[in-house]
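Engineer: Quick note, the sequences are listed as chains Z, A and R, same order. Throughout, the working numbering is defined as the position within the first sequence, counted from one, plus 234. Throughout, the working numbering is defined as the position within the second sequence, counted from one, plus 234. Throughout, the working numbering is defined as the position within the third sequence, counted from one, plus 234.
Accuracy of the hints is not assured; some may be wrong.
Identical chains share a label here; the pair holds if one copy fits it or two copies do between them.
Claimed, not checked - Calculated pairs, DSSO-like style, for lysine-lysine (alpha carbon to alpha carbon, straight line, at most 27 Å):
(1) Lys431 to Lys549
(2) Lys624 to Lys436
(3) Lys436 to Lys623
Bear in mind the hints are in silico, worked out from the structure with no lab data behind them. Just so it is clear, the structure is predicted and the values come from calculations on it, not from any experiment.
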Amino acid sequence: MIFMETLQLHLDFVWLILASILVFFMQAGFTALEAGLVRAKNSINVAIKNVSDLLIASVVFALFGFGIMFGDSASGWFGTDLYFFQGLDTDPWNWAFLFFQIVFAGTAATIVSGAIAEGVKFGVYLIGTFFIVLIIYPVFGHWAWGSLLNPDQAGWLEQLGFVDFAGSTVVHSIGGWVALAAAIVVGPRVGKYVDGKVHSMKPSNVVLAALGVFILWLGWFGFNAGSTATGDTSIAQIALNTHLAAAAGGLFAMITSWILFQQPKAEDILNGVLAGLVSVTAGAAVLTPLMALVVGAIGGIIVVFSLIFIDKVWKIDDAIGAISVHGVCGAWGTLAVGLFGTMALLPNETRMEQILVQGLGAAVAFVWGFVLGWIVYKTLGLFMTIRPKKEEEIQGLNVSEHGASIAMVDTIQSMQDIANA
Amino acid sequence: MIFMETLQLHLDFVWLILASILVFFMQAGFTALEAGLVRAKNSINVAIKNVSDLLIASVVFALFGFGIMFGDSASGWFGTDLYFFQGLDTDPWNWAFLFFQIVFAGTAATIVSGAIAEGVKFGVYLIGTFFIVLIIYPVFGHWAWGSLLNPDQAGWLEQLGFVDFAGSTVVHSIGGWVALAAAIVVGPRVGKYVDGKVHSMKPSNVVLAALGVFILWLGWFGFNAGSTATGDTSIAQIALNTHLAAAAGGLFAMITSWILFQQPKAEDILNGVLAGLVSVTAGAAVLTPLMALVVGAIGGIIVVFSLIFIDKVWKIDDAIGAISVHGVCGAWGTLAVGLFGTMALLPNETRMEQILVQGLGAAVAFVWGFVLGWIVYKTLGLFMTIRPKKEEEIQGLNVSEHGASIAMVDTIQSMQDIANA
Amino acid sequence: MIFMETLQLHLDFVWLILASILVFFMQAGFTALEAGLVRAKNSINVAIKNVSDLLIASVVFALFGFGIMFGDSASGWFGTDLYFFQGLDTDPWNWAFLFFQIVFAGTAATIVSGAIAEGVKFGVYLIGTFFIVLIIYPVFGHWAWGSLLNPDQAGWLEQLGFVDFAGSTVVHSIGGWVALAAAIVVGPRVGKYVDGKVHSMKPSNVVLAALGVFILWLGWFGFNAGSTATGDTSIAQIALNTHLAAAAGGLFAMITSWILFQQPKAEDILNGVLAGLVSVTAGAAVLTPLMALVVGAIGGIIVVFSLIFIDKVWKIDDAIGAISVHGVCGAWGTLAVGLFGTMALLPNETRMEQILVQGLGAAVAFVWGFVLGWIVYKTLGLFMTIRPKKEEEIQGLNVSEHGASIAMVDTIQSMQDIANA
């Protein structure tokens, strides 16, 4: 029997490492999505933000955050050891698990980059990332997932029967609510809301954004099906659920957009796919394929209305819609576990109890993510200039932050000057 | 022994799910390829078509098409159950298999988007996709692959010994011939054929198209080597064959192009790679590596001549060459199984018999795909406006279909107006 | 016991094929990186070079180079059989191994394309590639890795205890030093060094380059963790090491750049990630995660200074920094095995001995790669025109080599002519 277990273990390693690699690649998806949805003058800046937050997230989470999330639990509130790789070299599984968790942390962190893509200074953004992966993400992660490495270390939300299979709440909502706080603190872009009128800012490259969505969709298979951490028959349904929810999310966002605007807006379709993916993430392992399709479809409808509401009613300027996609749909997906999940696979005894616990987890994530995100960005504002100067913002962050301009944009600029002269 | 089988099964799940994910990602490849090869004013539209046809294909094929392709066979002609996931939850393998088949159906459907990329309205295209994944693809699929899920359900082409390992005919030719019908019904783009002269339309972004080819090449390893549906030693030769055919296809297309035009045209090299891939798909499991290289090389030569022939002689306007790549090379690859396949691995007793059956299958695919494609698009033309208005087409489908323009293109447009004034 | 071995073998096949696929995809990464870092007028040309060198590398290495690298050894100097697939069909493992080695050879070859991206004719470049994969790469590969297929065939460097796990030297330094030779022979681009002044040439698309870096990073997991050629528990630490070195490389290059230039230059961050990856490649299996992080961080610092030195002091024009990233950091990573590797996992008895052997291997790679690269390009110069004509170079290689222009660039060009008139 020992040999059989060894082979299954080898297969688990192969599966988890490949899943980690897929999740890692989601960073490229975020980069393409965000660079495509912002204006060309900020595209390099946002791409470099996406690269750089992964650099910081990887190093900081590996050295500190991992211990806070999975170390010996202080009464279910946060972990207290495993810093600086201490104690991890006893079992190669720890390396596989650490790698998987690093790329998850990177995902949570990078969600923020989209919302405030065009209006925050590079250095401020990097320090914000530092606090997300050091405290905000791993502490909440400990509450919901603390037992993943050591079954004895269940966090307090877990102990209540909170279910978030692959992170609708832990990763996406947390990222989304920090993004909400950051967007409020940073404020709208120059020219976004003028005299009560809402101006939409044209995306520079929708094709690139579409490729970003495909890359994210690809990586999400690792995100969800990899969260089994074992290569067995369960991965099929999870992968299928993920795919169907994404497709249904995109499809119903398209229909919603077509009805509302008489044209299926490209951004709505793309955000609809992501909404479906975020929505199914919590319940990927406890939904039937038909229910996954329904959950994704509802997510696709929700995201279109949420995008309108946050932009037009609340007048919070989210450059790419990250708050709606990750925050709102993350909460929806978490509730959907209670509403549509297969009861036999859920820890609570009645559906109502499960729904209440799911709601509690989603609410706690909102308070924790939003408040701490607000504190981090407000505090940074006491010591640093958060926003570029107005003329820098108008010129674009590519130049002001990196001295990097796009030859073609430059040429067009000079042409316009000539024409206007 | 039961445990050994369980482990192999787990490995099969891991392999098939990963292969499915790779095939899924081919959609990103088609998106990049097609957006790169069309003109900038239509690039967003074609990208969104590629996203949207996957949404429709996934939902419609999962709920209906899968049953038609793999359900209980009506005398080898079409399947009659398994609709709406009915009866699939008895075995997790069904979920893995369904996922793999969904992404295959998506591939067949999206091939059409390229050929008619710049000249068909969005809504029409989506309805066309609906009929492809509901009827055209799954019915033919049942004839050739009906036994894949249930060995007792062999379709009539299978029963004759027709071999199409991963779908040169079932996926690529079917997609290509529907594209041919659609291109004929839709007609050439404004300005393409004027007074008997053939105008070539400049691709907007060849670099993006090259990335698209690499992504397709990547996904094709899942397409071909995943079609074993089992993780064993056979996947090595299949993957190697796929790679060598792609390389030889590109190389010989480059040489052919260099000889014909004194310059190796970028599009010919890219289409040559795809031609090699399509050509080897039917025989990937029954060709030696040397023969795979030969089959790919011939595919690369064929595609260059086919592109010229269809454009210049037949004057059928295929915006990106999809008919030549998928239709013509799909037929070539299917025949090549008979011509170059290892006889011991083929069901027919003589090479001549195998060649005839291969030819029959390719011919049936042509008739089925072309005629049904023609009927679908002609019928749609009775109820809807298929083509954008001439001024919409000149303005570009990005704006007319999605209200999405590219800031840089807009600026240049206005600059030209100023200059012309 | 036989069945257990069969299952592990199947898992090894799955792992090695997937790793090969990831390495293959690095070509897309190089394409995006190089097309993004050169000027728009050469972007198509460099993308097509990246496609085409893989075509040639795949066919030539499969038919010839593989035998030279892994065939029956002539006293440890080069292999003498296995040409044209002869003798390989006895064991399917040979197909898996051949596929993995083909994509490695493609990587070594394509490194050169970046350095001389904007200044060498297409045909010359292809012939250069031919000699790299026929002689330069496989002969050195035989010295260091000759025993990988047949344990009895250890090359002379291996026999001395030289350790280069996944190819910091064998692949990256060899590619980098050939690139150095090519860059010297080809000479700087028009306008690069004028009257002793160094002009920097603006990259056309940094976002695309960033995506290229993510794709390379993705592929590198296959490159390093796949070099185990077995799916077991060792892959976790290797993948983690790869990730941490990349992150640390990018982070410390960012810090270095920020200090030197008061702004974190986008190209430095991107090259820092690649530097970290190249640096950890030799030692990925013998470094602890902490040491991998350190080795990557140092690589990130080295690359920033190396880029300055080669450009400003030596005045060698390397269009994208390939010599620094692959040549210099490859040598660093090779030395780092001796400096930071876990002694128990290294073949030599003392650290000093190991360092000396590592230094010898790195030095031999420099001499071999540089001298043969120089001979190849110098000899080509005797028979062919290596560089485009000055007016072709100014017009850009997209047009002069492929007749392929970018519509938007054309428009801007004409606008400028109008404005200047």
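Engineer: Each hint should be assessed against the structure and marked as holding or not.
Structural biologist: Each hint, compared with the structure:
1. Lys431 to Lys549: within (10 Å within a copy, 51 Å between copies)
2. Lys624 to Lys436: Both. Shortest intra-copy (19 Å) and inter-copy (25 Å) distances satisfy the 27 Å Cα cut-off.
3. Lys436 to Lys623: both (21 Å within a copy, 25 Å between copies)
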